[in-house]
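If you count the sequence shown from 1, position 25 lands on 204 in this note's numbering, and the numbers rise without skipping.
Treat the hints as calculated values from the structure; they're not laboratory data.
Worth double-checking, as some hints may not be accurate.
[Unchecked claim] Ranges of calculated distance between the beta carbons of each label pair, as one might list FRET restraints: (1) 282 <-> 247: 31 to 41 Å; (2) 234 <-> 258: 28 to 38 Å; (3) 272 <-> 234: 49 to 59 Å; (4) 251 <-> 272: 44 to 54 Å; (5) 266 <-> 228: 54 to 64 Å; (6) 239 <-> 263: 34 to 44 Å.
What you are looking at is a predicted structure, and each value in this text was computed from that prediction instead of being measured.
Every residue gets a Cβ at the ideal spot worked out from N, C-alpha and C, and that includes glycine.
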Amino acid sequence: MAGPNTAREALLAELLGDAGVLLDRMEALKVELPEVADDIERKVKSAGESSAALVRTAGEQAASQVGDTLEAVQSAAREAKAAASMVAGSARRFALLALLTGVAGGGVAGAIAALALSGALFR
């Protein structure tokens, strides 16, 4: 085939060559795009699975910490209840002791008063 005779023919030949290159690139993209899309899908899926695993692990750790904290609070409540029971028992014993001391003191005071009164009356 002979070379172009005019500038127009040269431009048309160049345009046809460029169009051929574009068509070849489009054919290559038809093959490459599905592969790229598959690669992107794999990467997104992998990132999602990693994120889900991290969230699951964080949730399990939080649940464990909440459980530990709950156990500590329940233990402290049991200890506080036991201490309150001991204080209440001690208060009852102290009140009984105070009552007995008061009765004994009243008895002694009454006896002293009776002796003093009897001594004053019978002399």
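Any of the earlier hints contradicted here, and which numbers? Those not satisfied are hints 1, 4.
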